[in-house]
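K.L.:
Letter by letter, the chains look like this.
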Amino acid sequence: MPMNAIARAGLISWGIGAQSFGAAVDAAAPEAAVRPLFAEHCTECHGAEKQKGGLRVDQLPAKFDDAQTAAHWLKIMERIEAGEMPPKDEPRPPAAAVKMVAGWIDANLLAADLARRGSEGRGRVRRLNRVEHEFTLHDLLGIDTPLKDLLPEDGTALGFDKVGGALDLSSVLMERYLQAAETALEAAMANEALPPMVKERYTYEGDGINPNIMRDVGAGPQFARVFFLSNENPPTHLRKFKAPVAGRYRFRVGAYAFQSEQPITFRVYTAELFRRDAESRLIGHFRAPPIVDGDFAPTEFAVRLDAGETIKFMPYDVGYDIYRIGAANYQGAGLAVQAVEIEGPVRETTQGRTSLFANLKVEQTQRADAGRNSRNAAPRFTVASKNPEADAERIVREFVPRAFRRAVSEEDIAPFLRLARDRIAAGASFDKALRIALKGVLCAPDFLLLDEQPGKLSDEAVASRLSYFLWSSCPDGELLRLAAEKKLSTPENLRAQVERMLKAPKAARFTKNFTGQWLNLRDIDATLPDKMLYPEFDEYLKASMLGETESFFDEVLRADHSVMSFIDSDFTFLNERLAKHYGIAGVSGPEFRKVSLAPGSQRGGVLAQAAVLKVTANGTTSSPVLRGKFVADKILGEPPPGPPTGVPAVEPDIRGAVTIREQLAKHREIGECASCHRKMDPLGFALECYDVIGGWRTFYRSLGEGSRVETRNRNQGVRYKHGPDVDAADAFADGRKFHDMDEFKKLLAANPDRIARCLTEKLVVYATGSGVSYADRRAVKDIVESVRGKNFGLRSLVHAIVESPLFLNK
Amino acid sequence: MKAQLTRRTFLKGSGTLLALPLLEAMLPRAGSAAAAPGKRRLVCIATGLGLHTPFLSPEQAGRDYTLTPYLEPFAHLRNEFTIFSGLSHPLVDGGHSSESSFLTGAAHPGAVSFRNTISLDQFAIEKLQPDTRVPFLTLSQGGLGLSWTRSGVRIPTEERASNLFAQLFLEGSESEKREQMQNIQDGRSIMDASLDRAKRLQNRVGPRDRETLDQYFTSVRDVERRLGAAEDWAKRPKPKVDYAPPKDPTVPSDFITRHKLLLDMVRLALQTDSTRFATVFFNGSSVAPPIEGVTSDWHNLSHHGRNPEKISQLKIIELTDLHLIADFLTALKDTKEEGETLLDRTTVLYGSNLGNASSHDTRNLPMMLFGGGFKHGQHLKFDPEKNPPLANLHVSILQHLGLEVDAFASGKGTLTGLSTV
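In order, the protein sequence lines correspond to chains A and P.
The first sequence runs 1 to 810 under the numbering used here.
The second sequence runs 1001 to 1421 under the numbering used here.
Hints listed in this document are in silico derivations from the structure and should not be mistaken for laboratory results.
Since we're looking at a predicted model, the values are computed, not measured.
There's no promise every hint is true.
As the list claims (entries may be wrong) - Simulated DEER-style distance windows between Cβ atoms: (1) Ser429/A - Ala1244/P: 33 to 43 Å; (2) Glu1126/P - Ser429/A: 35 to 45 Å; (3) Asp66/A - Pro1207/P: 46 to 56 Å; (4) Gln1202/P - Gln51/A: 43 to 53 Å; (5) Pro1290/P - Ser429/A: 43 to 53 Å; (6) Ala67/A - Arg1150/P: 46 to 56 Å; (7) Pro401/A - Arg1150/P: 49 to 59 Å; (8) Gly477/A - Gln1185/P: 46 to 56 Å; (9) His739/A - Glu1309/P: 29 to 39 Å.
Ideal Cβ placement from N, Cα and C applies to all residues, glycine included.
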């Protein structure tokens, strides 16, 4: 692993007066001066007789290059500097002595870390992860075909899929790169051979109807089909349309709220005809307005469909009693769909470039003898040329520098030209020859690995760092041009480029991939909440959860709000569904908007957001231990060590007789558990006032004992019962007490440096692909200092990281 | 070899995929044939959401235990299996992440910077180098699998029975075969070019970055070797089986059908000696399955919180799976090969990485061993507080496959009480 072992162990402490970079060991006191102080103050408890906490100091060697030993020394330094050691009832060593010992340890740790790093830089050359690989191919080839799942999952370290040592290469991966390259090239050709875009209107008129749950109304242009049922999977496919080829299609749907003066929400899914069990993908939730003065605004969206797919509609949260009444006489609200206007397939643009295959003829060819497996009948594409050798060379020359993200030499290009020429010489078609050359480029180490040379990074390497940081993809033309002119690394240009990049739509990938891992949002589907305990949970709520946290992060980044907003904020982003979940009035419609929160609101900061609360719980119960660990790692930057092996986890109990606090109490009494759980559990107990889907709770829901609950959900009584009351009060390990979430957040916010450092560290790992080691502390500290005057603004922090030596050096 | 599979698997939307095995393969090397006595096979099946052990583990140790509800499906195989209790991998914790260590035994799979080690099946394959159409199968219900390479990379899985069937048993058309051969040769040329590029880069990097490039070299060379073997097997006809080409269930909730089809494919592959190694992972599911009497999803039910209603639904799902396993074993037992039953030649390890899924406990794992010529018929009961490492069982299995090893992962010897016939 490239990371310093200390960073890996999560033991970095920030409370120390850091020595400057490169402090020489001999500037510190010699070992001979330090050892007697240990004998005087420490060895009584940490010596030959006793080894409290498993530590023996008198025999701890000054071997700072050994990770285990270094971790011990670091711990010693932290404890004596914090005044925790020697214990309060023991005689205190003079301040100068503490300083000398701490200085000696610090200098040695620093020297050892710098020595370990040597001349090779902080990180290790890494390959693209699969998310970056997909976006890179998308941006290079102007396609949007899914590719990520063709590759095996990536290894992660320090919480991100960005770290060199964890991103292994293997033959398994190599084979998949070949396949992904083939799929991507095929898609690029398909894109070239797209049939012309057509615009067509479709209606449901004359299509088979299920009269129990649907009704036709109006005639002529006013004809509409009304769908009433929302809680099943009705066959509401738009049957007259079928995507002729895979591609992006634009929709304009004449949907209005029927028998309702209020708008109603509806969902749209992809669907396949005659395959009712086919996997449907949610396109989104939309709002159908009521007709006012004979008019309403249609709903518009665009979506990628596979060949043969259509869409289907479902109203949301209406029609629960439709079966009892029947659609003909039903008086309740429904979703009316008039005409659906569809335009497509929309041609993808290649980042404003001309396509690789411009001026050449790309044709769809059908396999002559498609095998018995229908997949073999899938269309494939062929590109043809009248001057095969010249065209192949031109395309390869154009493609290689973009794929390699740098200016290239003849030598760089030679093997790929050779691949094409050899094939042509052997009588292969232009298509075959070109494909093999381009696949060669996409399997080359220059494409797959991010080339960074030790020392100050070249402008080209900086361009790649920037683009993989903020766009999860390769640099665009402007970045490459600035790099080629060697103008990129000036502070002004870096600043201007970061601004430009953050304003581009591609910056959404940063939000998605960073929050997906920092806040574990990628785990949103890991559990499905129990239907009996959480009947109000639905797909709309889940999608809205992600929407909130991502929009919130975007806004903090856009407006340069303080990173302390992640602890508490006077705003969040809500749509109707989430506002209902939070009990906040006055928000209607599925789109997210910024909503002000009253002082003391239950919903300020990310720890109060449903997405975070869901990913830190299973679908049935929440555990203060796991949530506490999340806060310690993600917010405070001090991940607790794993549990000692052999200690069973607390077994959740939803029978209503015992609370998690009572169960954990025992846990916190066990000697070896207590030391960590005293620190970790309180962080999680504060969040007990939120249930597993982020709802506010004052009591635990029970499926066993407990009194009846009157709440109704979707026209039905709930099956859960009123279990024991929630008690979210606790105290930090240092004794500071809190009664509720609000007080807890205030205590967390009391140490903004710690919060800012934690986020800086996470961003540094994400941006540079390597951990913050002991020797990097100073640079991190400088970054944090530089944004203090800007109220620790997130956008300022991103700029500061990009301009720091950590980012600009390997 | 796997030309058909790869083609059919990855062809959605693309015409000429390079015909490559999707599996980490080891190629036969000279002199490695028939390293093991007879054609010994290994199948490892794990279920990621535990098995409710109160329904599984018998009270009594030894041979005279009373069948538990979960052992009922195996009543007719009583002398063909050993049931274990109390076993666990030392230092393997981390809840669901422990599935990574099920066959590797690597410590602390949930840790932030966890690096895995080689899995039991891959370890055996490295040594035995089986010369079969596919060196091994790594299958899953959908998602991650159980097999890991020596460098700690998780091997992607095949989840579609239809693809497996096409790969192993469907003969392509003449033009498909020609194209496949061409693709293999193209692949080799591309790998050559890649090596060429990597050599140029190698000169200008430091030792740590050279490690990365070395990994690149090794990967490319492995792929080249594999393509060579693929070329060989592509020339030989595929075996014929009496089985209609399977159709994969399209809804994710129908994992039971997926499990059944995967087990069918493993059985067919073993019966035709198309492979001798398979790992199968039943990942679990977060959608309620179409099974009578089950209204909640599997993952949810596994977090039963001791609620009796949830436990009874969980039991329905788990018993359904256990019956599938029993059917699979029965079919192996009914297949004869050179005078032995296929079950006698196939060691089947079945269990879970979770001892109690409700609390994510990784101790006292549900664990069973079938066939393979071991002396079966007993309940080997260990004290969960002082049990030998589970990897001792892995050592026993490796030795029985004919490998001269006395350690694997945390296993430092064979498992006490388990002997061969």
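K.L.:
Evaluate each hint against the coordinates.
P.N.:
Results for each hint:
1. Remark: the range hint 33 to 43 Å for Ser429/A to Ala1244/P is upheld by a beta-carbon distance near 38 Å.
2. Hint check: Glu1126/P to Ser429/A, Cβ distance near 40 Å, so the stated range 35 to 45 Å holds.
3. Distance hint check: the CB atoms of Asp66/A and Pro1207/P are about 20 Å apart, inconsistent with the given range 46 to 56 Å.
4. Taking 43 to 53 Å as the suggested C-beta distance range, the pair Gln1202/P and Gln51/A conforms, at roughly 48 Å.
5. At roughly 49 Å, the beta carbons of Pro1290/P and Ser429/A sit within the given window of 43 to 53 Å.
6. Restraint check, Ala67/A to Arg1150/P: a C-beta distance of roughly 23 Å breaks the suggested window 46 to 56 Å.
7. Checking the proposed 49 to 59 Å range against Pro401/A and Arg1150/P shows it is violated: the Cβ atoms sit about 36 Å from each other.
8. Distance hint check for Gly477/A and Gln1185/P: the Cβ-Cβ separation is about 36 Å, which falls outside the suggested range of 46 to 56 Å.
9. Distance hint check for His739/A and Glu1309/P: the Cβ-Cβ separation is about 36 Å, which falls inside the suggested range of 29 to 39 Å.
Hints 3, 6, 7, 8 from the list above are not met by this structure, while the remaining hints are.
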